[in-house]
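Protein chains: 4
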Amino acid sequence: MAGSTYGTIFKIATWGESHGKALGVVIDGCPAGLPLSEEDIQLYLDRRKPGQTSISTPRKESDLVEILSGVFEGRTTGTPISLMIRNTSQKSSDYSQIASCYRPGHADYTFDAKYGFRDYRGGGRSSGRETTGRVAAGAVALKILSRLGVSVCAYTEAIGPVSIDYGRFDPAAILTTPTCMPDAEASAKAESYLRDCQMEKDSAGGVIACRVKGLPAGIGEPVFEKLDAALARAMLSIGAVKSFEMGDGTLAAGSKGSENNDAFVMENGCVRKKTNHSGGTLGGLSDGSDLFFKTCIKPTPSIFKPQETVNREGQNVTIQIQGRHDPVIVPRAVVVVESMAALAILDLMMLNMNSRMEYLENFYRDK
Amino acid sequence: MAGSTYGTIFKIATWGESHGKALGVVIDGCPAGLPLSEEDIQLYLDRRKPGQTSISTPRKESDLVEILSGVFEGRTTGTPISLMIRNTSQKSSDYSQIASCYRPGHADYTFDAKYGFRDYRGGGRSSGRETTGRVAAGAVALKILSRLGVSVCAYTEAIGPVSIDYGRFDPAAILTTPTCMPDAEASAKAESYLRDCQMEKDSAGGVIACRVKGLPAGIGEPVFEKLDAALARAMLSIGAVKSFEMGDGTLAAGSKGSENNDAFVMENGCVRKKTNHSGGTLGGLSDGSDLFFKTCIKPTPSIFKPQETVNREGQNVTIQIQGRHDPVIVPRAVVVVESMAALAILDLMMLNMNSRMEYLENFYRDK
Amino acid sequence: MAGSTYGTIFKIATWGESHGKALGVVIDGCPAGLPLSEEDIQLYLDRRKPGQTSISTPRKESDLVEILSGVFEGRTTGTPISLMIRNTSQKSSDYSQIASCYRPGHADYTFDAKYGFRDYRGGGRSSGRETTGRVAAGAVALKILSRLGVSVCAYTEAIGPVSIDYGRFDPAAILTTPTCMPDAEASAKAESYLRDCQMEKDSAGGVIACRVKGLPAGIGEPVFEKLDAALARAMLSIGAVKSFEMGDGTLAAGSKGSENNDAFVMENGCVRKKTNHSGGTLGGLSDGSDLFFKTCIKPTPSIFKPQETVNREGQNVTIQIQGRHDPVIVPRAVVVVESMAALAILDLMMLNMNSRMEYLENFYRDK
Amino acid sequence: MAGSTYGTIFKIATWGESHGKALGVVIDGCPAGLPLSEEDIQLYLDRRKPGQTSISTPRKESDLVEILSGVFEGRTTGTPISLMIRNTSQKSSDYSQIASCYRPGHADYTFDAKYGFRDYRGGGRSSGRETTGRVAAGAVALKILSRLGVSVCAYTEAIGPVSIDYGRFDPAAILTTPTCMPDAEASAKAESYLRDCQMEKDSAGGVIACRVKGLPAGIGEPVFEKLDAALARAMLSIGAVKSFEMGDGTLAAGSKGSENNDAFVMENGCVRKKTNHSGGTLGGLSDGSDLFFKTCIKPTPSIFKPQETVNREGQNVTIQIQGRHDPVIVPRAVVVVESMAALAILDLMMLNMNSRMEYLENFYRDK
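Residue numbers (our numbering), protein chains in the order written: chain A, 33 to 399; chain B, 33 to 399; chain C, 33 to 399; chain D, 33 to 399.
Isolated chain A, as found in the complex:
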């Protein structure tokens, strides 16, 4: 099936393997008239790039995006936007071992089980490099959202046992700390923890939180297309994500109705909520307060410790992974979370244009 296609109106199809010729995405359904340049997209790809700090793989990937279609005289035309990023840094020799045996925590075994064989070079399509296409498309979605008054901001809330202190929350720090933590002190601790992990030939996981501001009330569709469901799907579609929590998330299970309900109150003539335990949705529709959700990232499965596994011939073997791998992927995944959130939200905002008869009538009255 079309496992690499996403969205109903703002529809994207991503493609490409870790060590193939290129990766990319086709955006089918972008409105016409959006000013768009390669720089707009490059900005986000650069946030995803490895090799930028001591806590990411020293592998260099220039990841330069090329716009191949859909933009004319600096603006989108309404036709498909094809974005391509050539692969330049693959060292296939590093990965030859994977061809014959199944790395624990990776998709080697399941791809073989599904397809009968796999592109084993760097994980092929199951590599984190697959997210390049998501980020390129996400950059376009984020630009559109910003023009609609909606901002999406993700950051690292925790790495291993180190969590940020929300009292020290400094949004400016997100893009400057190597961890993407908005708390310089916590970030320093997390870096120290990661160095220890690296010494132990081990890896770490973490938590990414995301806040969306400016979303009007009523976005999302009842029942199966709830905004919460769209975000949960978007997050769990990212390789190493293991959980999704909306608002209070797992804490809601232990609270009481009187604690969990957010009281409504009038504020400057608008309906507001006094608290935001719900995380910005009610009944699957945005409620006008900030969206807030979290997602947990598992530790990088590529560790340098010897591990027990089996090979394609059905023998028990020990594998010792070589190569260049991030001790934690959380910081690089932050922009992926933003991208997927933007894609999910934009599509629902576009669908919402048809929610009332009066919207259609107003729109077509002048045509």
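Since the hints were made in silico from the structure, they are not lab data.
Backbone N, C-alpha and C fix where the C-beta goes; we use that ideal spot for every residue, glycine too.
Hints are not guaranteed to be accurate.
[Unchecked claim] Quick list of simulated restraints, FRET-style, between CB atoms:
id, chain 1, residue 1, chain 2, residue 2, range
1, D, Glu299, C, Pro338, 18 to 24 Å
2, A, Arg304, B, Asp78, 40 to 46 Å
3, C, Ser94, A, Asn308, 51 to 57 Å
4, B, Thr350, A, Phe201, 31 to 37 Å
[Claimed, not checked] As a list, the in silico DSS-like pairs of lysine-lysine whose alpha-carbon atoms are at most 27 Å apart:
id, chain 1, residue 1, chain 2, residue 2
5, D, Lys399, B, Lys245
6, D, Lys337, D, Lys221
7, D, Lys288, C, Lys81
8, C, Lys288, D, Lys233
9, C, Lys288, D, Lys337
10, B, Lys233, A, Lys306
11, A, Lys81, D, Lys53
12, D, Lys175, A, Lys53
13, B, Lys399, D, Lys399
14, D, Lys288, C, Lys233
15, B, Lys288, A, Lys221
16, B, Lys233, A, Lys288
[As the list claims (entries may be wrong)] To spell it out: a stretch of chain A is covered by chain B in this simulated footprint if at least three of its residues, at any positions, have a beta carbon under 8 Å from a beta carbon of chain B; those stretches are:
id, stretch
17, 142 to 150
18, 341 to 349
Once you have looked at the hints, place chains B, C and D on chain A.
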């Protein structure tokens, strides 16, 4: 948009409001030749029914299903199966207060924001009664899965602060305790906790866990249609669900790669995992071990304590909810979790039939 | 697959067999706020009903529609609209012969080939009664279109060898002649032709033309979702339809570019076309002139002459069809053509709301 | 909306403008294990290429395809196949006139009406070059079909007033005559007709017929996803196509049931039809006989005669088109018809794998 339509091949469209004439679902894409009777479906609807224990609303709903199409001489024909459940127990007078003001924790405000008005009777389409159609369709999906060797079993893991002891796990208890907890002792404690909540005019939340056995490796599609993503979406599409965790879930964030990776080992000639931290997927595809995931349910928003809110005229008011409401919806949501899991999994199993060229060649060779 | 689901935003799922309990449709994605009553829909169902003239089957079907959900206080709520029509007039005994052998021109053999068996009562899901759900949904789409200034008018252009004279075109006649021909004289000739067919135990086909007025320019999507493609698909999805022609249709093949091109000209400050050979689209998008297309309907396959065929046991047999069958289905299909056209056009008009960035910006500016 | 995305399981997204950097397609949902090389695809692109005969534009386009992803060690991996064709021969200066005024018969006006502006270079996305991506994807679909025993063969039936004589039908001629007519004598006449058109600065249309052999009975889905509907949509989605006829097509309207019905008969133990008026479908499902359909192509709208039109400023002007244009596009469209037919049919064959419960049971029994 089609917010009430779900699935790609096994596609369902649910419909109906809490206090409308009826609720139902159309299943479009059910394979031909499945023996199917109203009893097969009624069994699951009865598990969702209220009024069965002291911890659910005393509201009686007979919820009898009628098969209107798609079954001939006891077997599905391959054409749409229309299932209808007539509403019989609505007391519209109970809900007149909702018409004018927004209940905290409910979708009253967001539906008004989206649509300009709403069917306020019992929450209309945002009511938990909406899940009737899901359970009816889920019953069909569960029957198909069982014929393919796949079983889906959900249960209550916690209610408020009371969790089950996995050491006492008794699957037989699930359908006999009023809490759907597979641990009679924990269930008794939870019931006691719920009685306290009721005395305080308050409500409770909880945790539902689900285990799927018998799923072959390779189900799911890489990238956006990961099995994890499909389950996350399915769960968060259920009204009161606030989180989704796959396998170790949020715990993965704090663990190390060496702890989180599941080693592979040969067992009776088959590839097996020694542990199952991943919850049964790798790279978004089933890995041959049990699927395991959890989901948190928020406390019932309908509490009898006075609450602050606003009305449609934009005035701050105090609301005191009347009527018959569950102090906790967790036990009744267990069968909804099973249903949604089944719908998500079956669709991906059907899509998987086309994953290899040899499957198509074998299939069409004899035609 | 979901063969009975149609549309992207205005999505419908039809269900029901000729001799099942009922037929119906779920509309998922109807905008909120549309005034809608059962009478609005009944009007169109009545046009589809048999038993009204000497040239349709004397079978009486009251075909009363019931709105089961999605309408509150006389207006659509934005949630699924479930429409049901109970079957009341089935005489299953008439059809027992079909169970064992394959009627020429019918779907008996192909359904068996696909599904292994079939609901043989009256053709089951392959019966023309299947269009009941389309007409019910189409009535809603037509009502929306009319509020957007778009009208859809189909009529019979030919029955057998008898064609209307466009010089005598009288739109008022469409709903009054038994043939739905807008030319009383041609209609009388066609009726005479049909009586001859009936005497010969034979049947006739014909041509339905359709004109859509008021559609603004730019509706449709380039490439695969062309307005022409959507209409072609919609028409060929109707049981007995064998062709689709846009504008000049097959005549375009023999003309020259200088004859076929429609010159543009300014008219009252608007871009207009001097001719309309294209039938109202250019590049798959509406061009502001009337849409015009035609479709051919094959003769009713149920004829009373003996016919050669085979039975399920693989024996050559002669079949002589019994029962009550229309000598021509063209007049009853006219409203089906309007319905399908409306469903195709409305969906593309809804999708078009997102075609320009400025539309989204204007829409969300005030929210 | 996603106007450039097509298919449910075998899903493609095409992209690219006439004078952009490149054109291409992403195939999402191709089964794993298909041997695939660039040569397999180039073969079909070469059939679409212009500049090969006196009756096509002398414009040279090398149209070399590059496989960017989804193929490993010569076989498809099951992940997206990205195919790109770089543009090399654009002469943008030829087209500057189009920027300011609307060419009759082209999409200039409708694109402006929809999107507010357009990529005017060579028609941008509305150019016939858009079909490059379809043919590249179609080549893959055709290769899969051939391995399933299904062949798709299109050819030119008529150009202007010159039709082939089916008595002289020579399939070997299709790929050798410049007209793709399977009748050398008719082809010579057509060439002569086209030379006359060129002298008159005019252009011609024609008819393409297509025959599909080897399709088993039962392919297609009842109601909206009929095989006929899928083919009609596929054909009308091709730029210049104005009609679709299944089997006898428009002739069915004038025939009687006794003439139009195809009698069934046993032949070597199999159900066969004595005639094939239906064109190979019954009730929207393939009936085991050859599929046969036709489609009319309008004359090339780019003619060198002066034409009346309007400009973007709303003034009436005369346009005289310059550049290199085909006097007829029919021969080059033949491979596009094959490609679209293959895409439509393959998707339905894949969907059909889930039509019976026993198919799923057999498939999953061994897993």
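Check the hint pairing Lys175(D) with Lys53(A) against an upper bound of 27 Å on the C-alpha distance.
holds, 23 Å
Straight-line Cα separation of Lys337(D) and Lys221(D) no greater than 27 Å?
holds, 24 Å
Are the Cα positions of Lys233(B) and Lys288(A) separated by 27 Å at most?
holds, 10 Å
31 to 37 Å as the expected CB spacing between Phe201(A) and Thr350(B), which holds or is violated:
holds, 34 Å
Taking 51 to 57 Å as the stated bounds, is the beta-carbon spacing between Ser94(C) and Asn308(A) within them?
Since the Cβ atoms of Ser94(C) and Asn308(A) sit about 54 Å apart, the hinted range of 51 to 57 Å holds.
Would you check the hint for Lys399(B) and Lys399(D), treating anything up to 27 Å between C-alpha atoms as holding?
holds, 23 Å
Restraint status (C-alpha distance of Lys81(A) to Lys53(D) at most 27 Å):
It holds: about 26 Å lies between the C-alpha atoms, which stays within 27 Å.
Does Lys233(D) lie within 27 Å of Lys288(C) when you go C-alpha to C-alpha?
holds, 10 Å
Whether the CB-CB distance between Glu299(D) and Pro338(C) falls inside 18 to 24 Å:
holds, 21 Å
Check the hint pairing Lys399(D) with Lys245(B) against an upper bound of 27 Å on the C-alpha distance.
holds, 13 Å
Are the Cα atoms of Lys288(C) and Lys337(D) separated by 27 Å or less?
holds, 12 Å
Does 40 to 46 Å hold as the CB distance between Arg304(A) and Asp78(B), or does it fail?
holds, 42 Å
In summary, this structure violates none of the numbered hints.
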